[in-house]
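Residue numbers (the working numbering), protein chains in the order written: chain U, -2 to 158; chain A, 65 to 932.
Please note: incorrect hints may appear among the correct ones.
To be verified - Each computed EDC-like pair below joins lysine to aspartate or glutamate, with the alpha-carbon atoms no more than 20 Å apart: (1) A:878 <-> A:902; (2) A:883 <-> A:857; (3) U:80 <-> U:37; (4) U:39 <-> A:171; (5) A:609 <-> U:91; (6) U:39 <-> A:256; (7) U:48 <-> A:547; (8) A:188 <-> A:176; (9) A:182 <-> A:145; (10) A:468 <-> A:494; (11) A:609 <-> U:87; (12) A:609 <-> U:154; (13) A:473 <-> A:372; (14) U:39 <-> U:74; (15) A:344 <-> A:315; (16) U:39 <-> A:622; (17) A:411 <-> A:432; (18) A:460 <-> A:494; (19) A:402 <-> A:432; (20) A:602 <-> A:256; (21) A:472 <-> A:423; (22) A:602 <-> U:87; (23) A:480 <-> A:494; (24) U:133 <-> U:110; (25) A:323 <-> A:145; (26) A:855 <-> A:902; (27) A:159 <-> A:171; (28) A:124 <-> A:91; (29) A:473 <-> A:327; (30) A:609 <-> U:74; (31) A:602 <-> U:91; (32) A:609 <-> U:110.
Derived by calculation from the structure, the hints in this document are not laboratory data.
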Amino acid sequence: MTDEKKEANLSGKNREFLTMTVSEQLFGIPVLQVQDVLGEQKVTRVPLAPKEITGSLNLRGRVVTTINLRHKLQMPERTPDMKTMYVVVEHHGELYSLIVDSVGEVLPLPDEDFENTPQTLDASWRELATGVYRLKGHLLVILDVPVMLDAICQKADNEAA
Amino acid sequence: MDDLVQEFLTETSESINALDIDIVRLEQNPNDKDLISRIFRLVHTIKGTCGFLGLPRLEKVAHHSENIMGRYREGSLQITEETVSLIFEAIDRIKTIVAGIAATGTEIEGDDEELIAKLDAVYKSKSETNLPVKEESVLEPVDAESATPPSANDSTKNADSAQTALPSKSVEEKTLRVDVNVLENLMTMVSELVLTRNQLLQILRTEHDSPFTPPLQRLSHVVSELQEGVMQTRMQPVGNAWSKLPRIIRDINVELGKKINLDMRGSDTELDRQVLEFIKDPLTHMVRNSGDHGIETPEERLAAGKHEEGTVLLNAFHEGGHIVIEISDDGRGLNMDKIRKKVLEQKIATEEQLKTMTDQQIQQFIFDAGFSTADKVTAVSGRGVGMDVVRTNIEKIGGTIEMKSIWKKGTTFTIKIPLTLAIVSALIIEAGGERFAIPQISVQELVRLSGQGDNRLEEINDTPIMRLRNRLLPLVALGKVLELEKIDENKNNSEGECESKDETNSGIGKQVIVVEVGAQTFGIVVDRVFDTEEIVVKPVSPILKGIRIFSGNTILGDGSVIMILDPNGIANTIGNMADVEEENNKSDENSHTLTDSESKTSLLIFKAGEGASRAVPLSLVARLEEFDVEKIEFSGHQKVVQYRGNLMPLIPFNDLMKQKEQGGQSVLVFSDRERSMGLMVDEIVDIVEETVNVEIKAEDNFGLLGSAVIHDQATDVIDVGHFLSIAHPDWFGTKDSAGFEQKGGAKKVLLVDDSPFFRNMISPMLSIAGYQVISIQSGQEALDLCDAGEKFDVIVSDIEMPGMDGYEFALKIKADDSKWKNVPLVALSSHATTQDVDRGKAAGFDDYIAKFDREALLQSIAQKGEVA
């Protein structure tokens, strides 16, 4: 990232988000949270894991846990012929990858276009979204990745107990 | 926190550790000038840096300690135990303050006046006359400020002496302090490099005459060396874990008036720093134990004809991929009587159990939680938190600990631990289409399942079991435990596993990995076993920490991630399943439905002669054998066979049975103490677990107890006692094989069991053994008998019973106002895990026997009966 952009980011006028689609819904996460974007990967299933966790993959020698957003967001499960991409994020020093259908571009978005999550959204969505950007022809839902990963961790702990 | 302060803290804690060792040495060699100078310098450095960083409290304590050290250095003050203790006190104070700074970033408040006054008193005390005269003993109070200023060089030297405890100049200049995280990162990168190298080599194998071959081979060599080198950086001498020990022994010497010499050998033996961290505390604890409990006071030692000074020996050395650490003392050893007494007091085992144990076995009780043989709790040890923690910690890192002790001669602990936790040798296996790694250390052997013979998968109530060298081996299907098999059915083998085609339920072609976890041995059934690989263990993501079945994950040579199985976790899941079942039983207590586990019995089904299949409780069968017909001999009219060095009589099931002319004869072997007999049968059919309702036949009918419906077929249940008495008319010490009539003077046994099957199985067995047996079906009936004033010598009770269960029954019987409170009470249950036994004992049972353990029951009744 160039210094110019970083400044813009810090000033709060424009924020940058990586866009991605899951089941035709456009999502965004702050670009600074993104470590890597991967294409098709060999994922090892982790038996007994919570449903949100589909397995682990190898990213340059580090083990990355893959997270299925669809389950968490109560979206229809993917069909085997679908293309898969992985967005790698870091959380508490561990790497996780979100399974998405496709990854779009990095968009600098002005604060004026930001709105809070509509109250009418499903509770599981409201909990995981920080807000919505109005784009031309689309609405971009911003995911709160730390909250989502914490929720999954919490759930995994409860299941273990 | 300030970087400077951070660095100061690291440096200071290292210097202090070095100080501990040096001062103990100084006490032993008061004339070692080099040593004194070094100590002086260490204290001085701390003081100097404090002034620089603005830590007045620490500076003051260090300054006043330094004063004393200054006088030592000049030789104007004699080194005595008291002054050394005082110095230690000051060092402890420094440690406290340093810890405070580490926690809060600033000095914590505190009053050091008293300590400083004491230090000053010593400092100002007159020089003693009998001290060795030194030429340069010019009395001149050392001016702290004017003394050699601390230089950067100085501090590295200090740090180094902490590392090796025996500094030598050449090493000092060659060391460099590196953050551990940097090393960890390096390690990860190198692992990745190794994987990439492996991939390249794999590609190369398919190419012939590639121009890449020579450079890749060179790369391969370099990578291997690099890996070794990086591994080396994680290694530290075991001596680092020992640095506190001289101080501990010295404290024991002073506090308890003992004379102990600590002999440390092999302190430069290297092991992974992670492992080192793990063993530090256990080692400290054990050395403290040896000094405190092991070594006697000088008077006792002299009286016992030993040298006044005791020795605690620490010895570390490499042995085949492991490091072995021995901690031995020449002290009093373990007092077996005392341990026995403690074991009884703390109700860890009963007197009968102890009688049958060897000394070595009894000694292992010291590894039990809350066990301490020290009479008094001293400041040093004896609080009963100890050896169990030591063992747990060592087992956690895949190590083992053993103890040998000879009364009055001493005790030796041997710890064996892996060199590193980062790389383990593991077996790669496949189950449910996924690969897993299982640490080689827990694998005992591999067995391939085949269609016939012993290596056949058998099932009891859908639970797989296998016979392994005349023992039953419980099996766990890995695919099932991991819930992979269900998924596979859905997938319908879409991946086209060619192996799975011929894999039927019989498990032919599958492999069994025999593992031992604690006292449990079980088999893990897997689809395939690949190879052994050295794997780099990576911890699992915190999100998956809850799944106890995995101890980590790793990346294989082909770049794929696989999970590492924890045999302990697998054993736990089995335990949990049993527990859940038990929970269910408990909740069903009030409803009168019999739960599965209690009413089901394992039966061996066989064919012999005409008619229905026969069944015998599997628990009564000692072994299944097949003898070559040619080996069968005659002794008089009796068929016999040589079996384990003895002649064993063979009894045909009945006369209608056709005798085989050739081939193998199937025989069920029953044995009791030294005696055994074989029952010849035509064919062994199956082992089943069934709810058995035996309809008892009124008359003795060719050794049949009755018949039952098993798997929708009428099956005769045989009376083993009948055959035993044919083979050995004196088997039960009486010629009367029926033995059902009551004998005068016979011990009276009350049998409480709701299952008619067991009542009918056990009561004849007890009658034959010479007891007068009354059997009833509920605890309430028993209490009625009690109220009626009946008397018994021993009561045997089932645990799982509808209505009042065994525990409740025991509590009632053992109540203070009970007439039967002194009657020995033996529990008989199909659940006999440690928890059950403990619970039973707590409820008041004197003994707890597994339902299938006939011999133990007889033995227990005999012993309890005598006591009564």
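We went through each hint and held it up to the structure:
{"no.": "1", "hint": "A:878 <-> A:902", "verdict": "holds, 16 Å"}
{"no.": "2", "hint": "A:883 <-> A:857", "verdict": "holds, 12 Å"}
{"no.": "3", "hint": "U:80 <-> U:37", "verdict": "holds, 8 Å"}
{"no.": "4", "hint": "U:39 <-> A:171", "verdict": "violated, 53 Å"}
{"no.": "5", "hint": "A:609 <-> U:91", "verdict": "holds, 13 Å"}
{"no.": "6", "hint": "U:39 <-> A:256", "verdict": "holds, 16 Å"}
{"no.": "7", "hint": "U:48 <-> A:547", "verdict": "holds, 13 Å"}
{"no.": "8", "hint": "A:188 <-> A:176", "verdict": "holds, 18 Å"}
{"no.": "9", "hint": "A:182 <-> A:145", "verdict": "holds, 15 Å"}
{"no.": "10", "hint": "A:468 <-> A:494", "verdict": "violated, 41 Å"}
{"no.": "11", "hint": "A:609 <-> U:87", "verdict": "holds, 17 Å"}
{"no.": "12", "hint": "A:609 <-> U:154", "verdict": "holds, 8 Å"}
{"no.": "13", "hint": "A:473 <-> A:372", "verdict": "holds, 14 Å"}
{"no.": "14", "hint": "U:39 <-> U:74", "verdict": "holds, 19 Å"}
{"no.": "15", "hint": "A:344 <-> A:315", "verdict": "holds, 18 Å"}
{"no.": "16", "hint": "U:39 <-> A:622", "verdict": "holds, 11 Å"}
{"no.": "17", "hint": "A:411 <-> A:432", "verdict": "holds, 12 Å"}
{"no.": "18", "hint": "A:460 <-> A:494", "verdict": "violated, 25 Å"}
{"no.": "19", "hint": "A:402 <-> A:432", "verdict": "holds, 15 Å"}
{"no.": "20", "hint": "A:602 <-> A:256", "verdict": "holds, 12 Å"}
{"no.": "21", "hint": "A:472 <-> A:423", "verdict": "holds, 14 Å"}
{"no.": "22", "hint": "A:602 <-> U:87", "verdict": "holds, 17 Å"}
{"no.": "23", "hint": "A:480 <-> A:494", "verdict": "violated, 30 Å"}
{"no.": "24", "hint": "U:133 <-> U:110", "verdict": "holds, 11 Å"}
{"no.": "25", "hint": "A:323 <-> A:145", "verdict": "holds, 13 Å"}
{"no.": "26", "hint": "A:855 <-> A:902", "verdict": "violated, 27 Å"}
{"no.": "27", "hint": "A:159 <-> A:171", "verdict": "holds, 12 Å"}
{"no.": "28", "hint": "A:124 <-> A:91", "verdict": "violated, 24 Å"}
{"no.": "29", "hint": "A:473 <-> A:327", "verdict": "holds, 17 Å"}
{"no.": "30", "hint": "A:609 <-> U:74", "verdict": "violated, 26 Å"}
{"no.": "31", "hint": "A:602 <-> U:91", "verdict": "holds, 12 Å"}
{"no.": "32", "hint": "A:609 <-> U:110", "verdict": "violated, 40 Å"}
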